[in-house]
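Visitor: The lines below spell out each chain.
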Amino acid sequence: MNVIVEAVAESSVLITVGSGGVGKTTIAATLAMRSALEDKASLVLTIDPAKRLANALGLAALGNTEARIPDETFRAAGLTPRAPMHAMMLDMKRTWDELIERRAPADKRERILNNKFYQALSGALAGSQEYIAMEKLWELRTHRKYPLIVLDTPPTAHALDFLDAPNRILDFLDNDAAKWLLSPALAAGKIGLKLFNLGGSYVTKTISRFTGTETLQQLAEFMLSISGMNEGFRERAHQTRALLEAETTAFVLVTAPMPERIDEAVYFHTLLKQNKMKVAAVVVNRVQPPVHDSLWREAARLPESQRRRFEQTLKENEFLATQDARGVARLRELCAPTPLVLVPRFELDVHDLKSVWEISRYLWGDARLELGPQAR
Amino acid sequence: MIQELVDQRLVIVTGKGGVGKTTIATALALQSARDGKRTLICEVNTKERVTHLLGKPEVGAELTSLDENLWAVNVRPQEALREYALMILKFESIYSAVFENRLVRYFLRFIPSLQELVMLGKILYHLKEKKSDGSWRFDRIVVDAPATGHAITFLSVPQVLLDTVPPGPLANEAKWMRDMLTDPKTTGVVLVSLPEELPVNETIELHEALTKRVQMTVSVVVINGFITPRFDEPTPGLPPGLATLAHEHTARAALSETSRQKLATLGLPVRLVQKLFLPEFGRAAIESIATSLEGRK
Chain A
1 MNVIVEAVAE SSVLITVGSG GVGKTTIAAT LAMRSALEDK ASLVLTIDPA KRLANALGLA
61 ALGNTEARIP DETFRAAGLT PRAPMHAMML DMKRTWDELI ERRAPADKRE RILNNKFYQA
121 LSGALAGSQE YIAMEKLWEL RTHRKYPLIV LDTPPTAHAL DFLDAPNRIL DFLDNDAAKW
181 LLSPALAAGK IGLKLFNLGG SYVTKTISRF TGTETLQQLA EFMLSISGMN EGFRERAHQT
241 RALLEAETTA FVLVTAPMPE RIDEAVYFHT LLKQNKMKVA AVVVNRVQPP VHDSLWREAA
301 RLPESQRRRF EQTLKENEFL ATQDARGVAR LRELCAPTPL VLVPRFELDV HDLKSVWEIS
361 RYLWGDARLE LGPQAR
Chain B
377 MIQELVDQRL VIVTGKGGVG KTTIATALAL QSARDGKRTL ICEVNTKERV THLLGKPEVG
437 AELTSLDENL WAVNVRPQEA LREYALMILK FESIYSAVFE NRLVRYFLRF IPSLQELVML
497 GKILYHLKEK KSDGSWRFDR IVVDAPATGH AITFLSVPQV LLDTVPPGPL ANEAKWMRDM
557 LTDPKTTGVV LVSLPEELPV NETIELHEAL TKRVQMTVSV VVINGFITPR FDEPTPGLPP
617 GLATLAHEHT ARAALSETSR QKLATLGLPV RLVQKLFLPE FGRAAIESIA TSLEGRK
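Protein chains in written order, with my numbering: chain A, 1 to 376; chain B, 377 to 673.
Just chain A, same shape as in the assembly:
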């Protein structure tokens, strides 16, 4: 059986990962769409705010709630879904706020939502996007009955940010230092951390020189107000990690065949494997197909004035095809035994369901891209 068909059949969560600009969002949408066509209802959760995907799916815009792809969109592309397909876009700030509203004790909610450290954390700061994507995935998985959820992950510069997100929270909560700092204050029910009880100690004075005393004080307040939520966070972080490691969760690594993308993909693949994640397939997107010999023969018969331009174009395409075939061969070797799925470069951008369907034919094995001898 085709690896993608198998992964879709066996999984309830598929996570697309890869570096930016390789077509990850499109591949995620394709997986969800074809799944719905094949009678497994799906939801694609993306972080990509591009309107184009929404438009391709026949939606005015994607929001923080699930929207069903209208049947007309499918019909316009000559397709009939056998199960519904939904799509939504992750709104970071709102998801964070909802999390706090759900979990924080009533008396602390306002204090947290108004705390400047919280606002910075939930709004703009590094790493929180990765964490909140995991949080949303867990929530959808647990409270909604989608047979398949496809998560399109943020384009990370650092692969670990994403895998690490739940761990980082766990680390925070399980840290002895945190307990030591927070518990006496909690017991006393007021702000008065040990750190500051140390008063004029050497350590405290030195970090104050670095951050300022007031910053430390405010940060301590923030930590104290979220500390009531420790248990909840701890439990959730464990559950998210378990969800990532579950038998029914698989990763689809998306990459492009250019040399610089290959290095990143291999690095990503190694990290996923080290973390004992199941990688269903490496999808190599936008591969240049080889140039047929017949084209060269036809070009040779053209009058001189035309011939050169055609031969130049063939030469360029052949160059790209050779480079891509070499990239594919390297990936195959370095990611073995994870199977590779090749998707050819399409002339123009994906802008409707019809082009999404075309891509799905390569993912599902209805069509195959044959490479030249270099790749074998």
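Rather than coming from a laboratory, the hints here were simulated on the basis of the structure.
No incorrect hints appear here.
What follows is a set of in silico ranges between Cβ atoms, one per label pair, in the way DEER data are often shown:
#: 1; chain 1: B; residue 1: Trp552; chain 2: A; residue 2: Arg68; range: 48 to 54 angstroms
#: 2; chain 1: B; residue 1: Pro543; chain 2: A; residue 2: Arg102; range: 31 to 37 angstroms
#: 3; chain 1: A; residue 1: Ser294; chain 2: B; residue 2: Thr667; range: 34 to 40 angstroms
#: 4; chain 1: A; residue 1: His292; chain 2: B; residue 2: Glu380; range: 44 to 50 angstroms
#: 5; chain 1: A; residue 1: Thr142; chain 2: B; residue 2: Glu670; range: 55 to 61 angstroms
Just so you know, even glycine gets a beta-carbon here, dropped at the ideal spot from N, CA and C.
Since the structure of chain A is already known, use the hints to place chain B on it.
Guide: Using the frame of chain A, we list chain B on its own:
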């Protein structure tokens, strides 16, 4: 150097992931060094690529000379924090005693974006650094910045901190950094894009975020991988395979032109870098790009 960046001492190169930021940043740095400017190129906590492109051994977090007038460094948070702390604390022994303290490490992790702040701090510190004769240690610094979302986060760190932390040493640090980044006489941003719909849209959004939210000045837009039309008039009687070939090339060239027009609406100079078909994307490609960026020759 590109005309629009002649006076800028800090050049920040950013754009969507996969558009060729590193290539363009390296070409700009090479060009700057050739103009006789002492130039430092910084990668930001990433898998090192600049040195590979120039055919040199990796430099890591150690600021290293690559060529005449050209230095490189891959800025990493751990080393940057150490350097930064040492600058303030002056003594290595205090650093070890304090910053290697478990409790302190724990606390520092929760200061919002401290990592980004110290990395940015290191880069900007080198911009202020002077030699003993009073001249700049580096005439120009080129930063191969992270991609869109991370770039906005990275470059807004000083402002976010100013909004978050009360007055004190941390806020003072944030303030001079913010002022340097937003000073158009010092700093120019280069936005790199590809001649395709998505990257173009993202470039326009990034331009909006950088100018309105982060208050920075974008100097120039570079379209990488531009394709010039080759089959201008339709040729009757072609075999179908060749007709498709011509048609595809024309479609790609048309997309390049549409992209150029759309980016031109930003009202900024747009430089085109032709798509290259070179076997090793190394030194030769960088040299050719550096030359074409200079343009109008």
